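Here are the chains, one letter per residue:
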Amino acid sequence: MNEILDPLVLARWQFGLTTLYHFIFVPLTIGLSLLVAILQTVWVRTGKVKYLKLTKLFGKIFLINFAMGIVTGIVQEFQFGMNWSNYSRFVGDIFGAPLAMEGLIAFFFEATFIGLWIFGWDKLPKRLHLMTIWFTWIGTTVSAYFILAANAFMQNPQGFEINAEKGRAELLDIGAVLTNPIALSQFPHTIFAAIMFGGTVMVAVAAWHLKRNQYVDEMRTALRFGAWTNIVAFLGVGLTGHTLGMTMTQAQPMKMAAAEALYNNASGADASFSLFSLGTPDGAHEIFSVRIPYLLSFLSNGTFDGSVEGIRNLQSDYTAMYCSGPDTLLTCPSDGQFAPVIWITYWTFRWMIGLGALATLVSAVGLWITRKNKELPNWVWKVAIWTAPIPMLASLVGWTFTEMGRQPWIVFGVMTTEQGVSPGVPGWAVLTSLIVFTLVYGGLAVVEFKLIFKAAKAGLPEIEHLPGEGGDGTGEPDPQKLATVY
Amino acid sequence: MDLTTVWFLIVGVLLIGYFVLDGFDFGVGISLPFLGKDDTDRRVLINTIGPVWDLNETWLIVAGASLFAAFPEWYATMFSGFYLALLLILVALIFRGVSFEYRHQNKGQKWTRWFDQFIFWGSVLPPVLWGVAFANLVQGVPIRPMDGGGWIYEGTLLTLLNPYGLLGGICMLLLVFNHGLVFVSLKTIGDIRDRAQALAKKVGIATIVVGAAFLVWTIIMRLESESLLLIVICAAVAAVALIGAWIANAVRREGWAFAGNAVAIAFALLAIFMALFPNLMHSSLDPAYSMSIEGAASSQKTLELMTWVAVFTLPLVLAYQAWTYWIFRKRLSREMIPAAAH
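Just so you know, the sequences run in chain order A and B. At position 146 of the first sequence the residue is numbered 146 (the numbering used here), and the sequence of numbers has no breaks. At position 103 of the second sequence the residue is numbered 1103 (the numbering used here), and the sequence of numbers has no breaks.
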């Protein structure tokens, strides 16, 4: 029973659940808002109604999703205080700053301009209205930067010092916090991945209609636009992913060792990357694997003859470094183990890369076979539809890898996760919130997906009058018309 | 004035922004079953806050994050201490938020009724619980310092449900309900405007009575406080503004009534902050255990940085949010709800 009601275990599950769930919606918000902004720009510049219709359709899907991003974000913010109060008081001085900056600089901005975009269709001049969706996208993106900078502090703490008297970490250099190398490579990596997700959703919606021969002209445009987006974004994901991998190896060598389940130091050809591997349940002994020599060295160092540290070597280094001395209480895990759960890091790392590549491959093939306007077999469209969630899954396993790979620390080398949990919050309270959030999130997921399917299947809207030009032919916006009715 | 006091005030401003702005859209949500006779009425009501509820709620998120950055001890102790109350607030806000977006996405009575319920309860619960929480901060909660630094809350959810705390909850609920009703009469034309105004007259009386009781109780509780004079002044301004707002509503000067309610909420909260000062949480175990502003604050460096950020961004935020309110300033009526929406 004590096992079940351990606040630490429950708080970790709750954090994982609520964060991953939040991360289903946020990437779609970031990705789709950019694509919608581009579509609307094309409409404003060319005046072709086709682009306005596409803007409205994908704008609607974007909005259904946006609501979920917001409400699940509120939970993210407050659960640090609820479940991780020791962590919050220990690092609030540094971790709180980017969060507050996110709110003051980005989130206010985003929330204001999204309202203007939704309701301003007939109240704002065309170009000003176009600006509101671009501002929304800028707001979401800047917001993502600050959040990733906060997360990067947990992966690779910088710009701080420990105040022993107050028993906490204090800010030394906000510049170092905001230009953390992990943040600098994680940010474009995450944004490109989000754009890919937007792209595959667009491809899927278009494919669903093309399969039924509906809105053929418009949907072909959407399909090819989405597919090109994926290919460009994947190049971005790959390049930034490589930079991130090298930065990560520098900052958290154990994470890279765990990603490869590499137990002993290796270099050159031995530093190989396994595409697939079977081993004993603890992962310490390999039974069978398919390996590419030199590749792990390249992923970690950018050269083919570099060396990569192994789990066993790091374990003894870390024990010496973190389990003796005055700060041991915060930095030495109670079981003395410094490796994360290897099978999780190993497989999430592979699935992240594999799924991202798969989605791009589908897009590339799709672009090739749709380059001419000819009849295509049904399965082509089916594949395109089923590709929609692949970048999302890649992002989710990617985050699982990043966060699980950080364990056993909540802030790498500074505080262990077990030290960060709230004292005085009973296990049953955390269990209650875990159950409540699981049920609420589960229910809302069903509703959200149904609504998105419905909006996607409904297809393109009829345009009765052009927005920003009124219905009376005077060219003046009509302030009496409601653009959206709840 | 030192930076910790500055940040006490900035967090105060953000929380006041939250309760004044989100306050009226909570009030509109609460008014749904009272003013919304049919679906068209309810659509008019919800559309009065449609473009702005989201940015109003943002004030909570920013206030929360600023609390985290400026007073991490407060953030950590309060939210882990008031765990279940906060959980309820979060769930209420989740349901309310998605309801605005999802209510109109599907046709069918049952679907819409469900989301009306979510909007109503999602608008009732947060103000009540925030009211209970703030009243308890003033009254004192069982907190004590821990050995390794920081404070710990030793009560439960039931500890918070005492007479003064509950009065604070009811007071906050009535304040925002009243605020929302006046907002509806300011933002609509026709029958619904008249009904909102008539209901605001009744609810206004109740708000004045409960509000007065709460403020007097607060003053009596803090007779020893150094800032007693400030508490009394703030409470008096709140009371005068609330009564002024009631009169303005009675003579149908809706803009003045709305401004009066906003001032009343702002000064009632100021009275509460003054009653807290120089602490953030009073300890009911021993006054020496109370969490002082100084003790809960971030380092000087963080506070300096955050001050610069706030100084540059807050005026800008106020400007573009005011612009939004200006764009959507037109009154709404039943006629504007297109037939296609039914």
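It should be emphasised that the hints constitute simulated quantities derived from the structure, not laboratory data. Since the model is a prediction, treat every value here as computed from it, not as a measurement. Among the hints, erroneous ones may be present.
Footprint (simulated), chain A over chain B, 3 or more residues, beta carbon under 8 Å [what the hints assert, rightly or not]:
#, region
1, 1023 to 1036
2, 1041 to 1053
3, 1199 to 1205
4, 1298 to 1306
Away from chain A, derived, C-beta distances all over 10 Å, residues of chain B [what the hints assert, rightly or not]:
#, residue
5, Phe1095
6, Glu1101
7, Leu1158
8, Ala1310
9, Leu1314
Note that CB positions come from ideal geometry on N, CA and C, so glycine has one too.
Taking the hints in turn, this is what the structure says about them:
{"no.": "1", "hint": "1023 to 1036", "verdict": "violated (count 0)"}
{"no.": "2", "hint": "1041 to 1053", "verdict": "holds (count 6)"}
{"no.": "3", "hint": "1199 to 1205", "verdict": "violated (count 0)"}
{"no.": "4", "hint": "1298 to 1306", "verdict": "holds (count 6)"}
{"no.": "5", "hint": "Phe1095", "verdict": "violated, 8 Å"}
{"no.": "6", "hint": "Glu1101", "verdict": "violated, 4 Å"}
{"no.": "7", "hint": "Leu1158", "verdict": "holds, 13 Å"}
{"no.": "8", "hint": "Ala1310", "verdict": "violated, 6 Å"}
{"no.": "9", "hint": "Leu1314", "verdict": "violated, 7 Å"}
Consistency note: the structure conflicts with the earlier hints numbered 1, 3, 5, 6, 8 and 9.
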